[in-house]
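> Here is how the chains run, residue by residue.
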Amino acid sequence: MDSVEARRILELYRPGQDDADPFFAEALAEARRDPQLGRWLEEQSRLHGAIRRKLTEVGPPVGLKERILDTGRLAADSGGFWRDRWGMSDPARRRPSFAFAAAAAAVLAVVMFAGSRLSSRRGGDDLEAWRGKMVAFVSVDYRLDLHEEIYAGLRRRLVEGGYPSIAELPPRLAALHLEGGSLLDWQGHKVTLVCMEAEEDHDAWLFLADRAAIAGAPVGETLRIALSGRMATASWSRAGLVFLLVTEGDEAAVRRYLDPVK
Amino acid sequence: MSEEEHRPAGNTPGMSFDALVERHYQGLYRFALSLTGREPEAADLTQQAFAVWASKGHQLREADSARAWLYTTLRREFLKKRRHETRFRKVEIGEVEAELSAVSPDLVERMDAAAVMEAFQQVEEPFRAALALFYMEENSYREIAGILDLPIGTVQSRISRGKAQLQRILAARMKERASRG
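Chains as they are written, first to last, in this note's numbering: chain A, 24 to 285; chain B, 24 to 204.
Think of the hints as simulated: they come from the structure by calculation, not from any bench.
From the three backbone atoms N, C-alpha and C, an ideal C-beta is built for every residue, glycine too.
Don't take every hint at face value.
[Claimed, not checked] Output of the computed footprint for chain B on chain A, the stretches with three or more beta carbons under 8 Å from beta carbons of chain B:
no.: 1; segment: 26-40
no.: 2; segment: 69-75
no.: 3; segment: 78-92
[Said to hold, decoys possible] Far from chain B, some chain A residues (derived; all Cβ distances over 12 Å):
no.: 4; residue: E49
no.: 5; residue: E65
no.: 6; residue: Y174
no.: 7; residue: R179
no.: 8; residue: G203
no.: 9; residue: R234
no.: 10; residue: G239
no.: 11; residue: P241
no.: 12; residue: R247
no.: 13; residue: W259
no.: 14; residue: R279
no.: 15; residue: D282
Full structure from sequences and hints, please.
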């Protein structure tokens with residue numbers, strides 16, 4: 024290895040941090056042999072330390088840690104959805120710290136996307152609470168359980184699992200690119216999420232649940248529009264199911280994906 | 024077993040939410056700030072990373088991987104937000120040979136931390152994320168590659184070029200300061 028090659032490698036070297044990395048071993052040995060390279064490395068190491076110190080001097084704003092922790096504490100009583108979602112039987116008793124953390128997700132999402140409000144009732148089995156939790160779910164990073172680009176394939180898997188489904192998606196939703204679905208639980212009831220890629224990189228999410236599971240669900244196909252932070256939602260009922268359509272934007276954004284009859 | 028030592032799913036050693044926040048929030052915030060350049064946005068991203076962890080982080084098999092997972096998540100959230108705001112400017116990587124400018128460590132030591140961070144913000148984005156993780160020294164190269172979802176060679180190339188950019192920017196600022204007297 025010559026000093027030019029050693030120098031290129033040592034540009035990536037962090038004193039202390041990378042000492043044990045074999046990638047740097049030969050170049051470091053070369054720097055010990057070559058005084059000029061050694062001096063260059065010493066100067067670079069000092070510069071690295073100076074820049075690093077300056078960058079780490081910049082601290083978080085006052086109160087950020089408390090904001091994260093306090094929000095989590097406020098959330099400690101409202102983790103039902105997440106508990107169900109991730110299959111924890113009784114985290115409040117068996118894994119208290121995780122229960123606290125898991126519960127934070129719902130509330131943090133709500134806080135961050137300002138406007139969505141969790142039901143104050145512990146039961147939370149009404150339309151508003153359901154809508155809030157579903158919006159929170161798609162507001163944070165989530166994983167699709169089922170990847171299907173053809174609705175018939177997705178439906179087959181939903182039926183197999185006993186999850187709510189409909190024979191066909193409403194035409195305007197069917198025209199979007201289907202990404203897949205997720206299998207959720209709400210107060211012990213199965214809920215289906217169908218995810219579609221809508222315009223301008225935005226997604227549209229359709230939730231389906233048994234109407235009997237959601238107290239206060241709309242009667243028939245009477246449409247209910249509600250805004251929740253950056254999300255707009257529309258809900259209606261049909262054939263024993265309650266539907267909740269969620270997308271980013273305002274009322275016009277969600278209406279764009281509804282059939283004219285609604 | 025104390026609350027601090029609770030075991031998440033999979034019966035692997037873990038840590039409480041409080042301990043996780045305590046250990047990582049400052050580093051995550053700095054990384055977020057290096058990506059966004061704006062304090063409120065960086066704070067929101069940091070909070071969001073912990074929110075996502077709360078929803079699925081317990082699935083991690085190894086508690087030690089929480090740090091890399093949080094950084095990965097934060098960057099993913101950043102990209103998701105950016106995707107809605109603007110398309111990334113395409114930067115041709117590999118066209119320009121990285122040449123380190125002569126920057127005196129002593130002069131950097133005399134600079135204000137905010138000024139150094141401001142200079143850091145001017146490094147082009149694809150290089151900046153890798154460079155931030157490089158300077159924070161909390162992650163090995165393998166971990167940085169995992170966080171950025173890039174091969175190690177690409178990470179090294181971006182760090183090299185990012186360093187060259189940063190040193191050019193710092194050198195220009197120093198020259199500017201010197202000419203003002």
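> Can you name, in rising order, the numbers of the hints this structure does not satisfy?
Checked against the structure, the only hint that fails is number 5, while the rest are satisfied.
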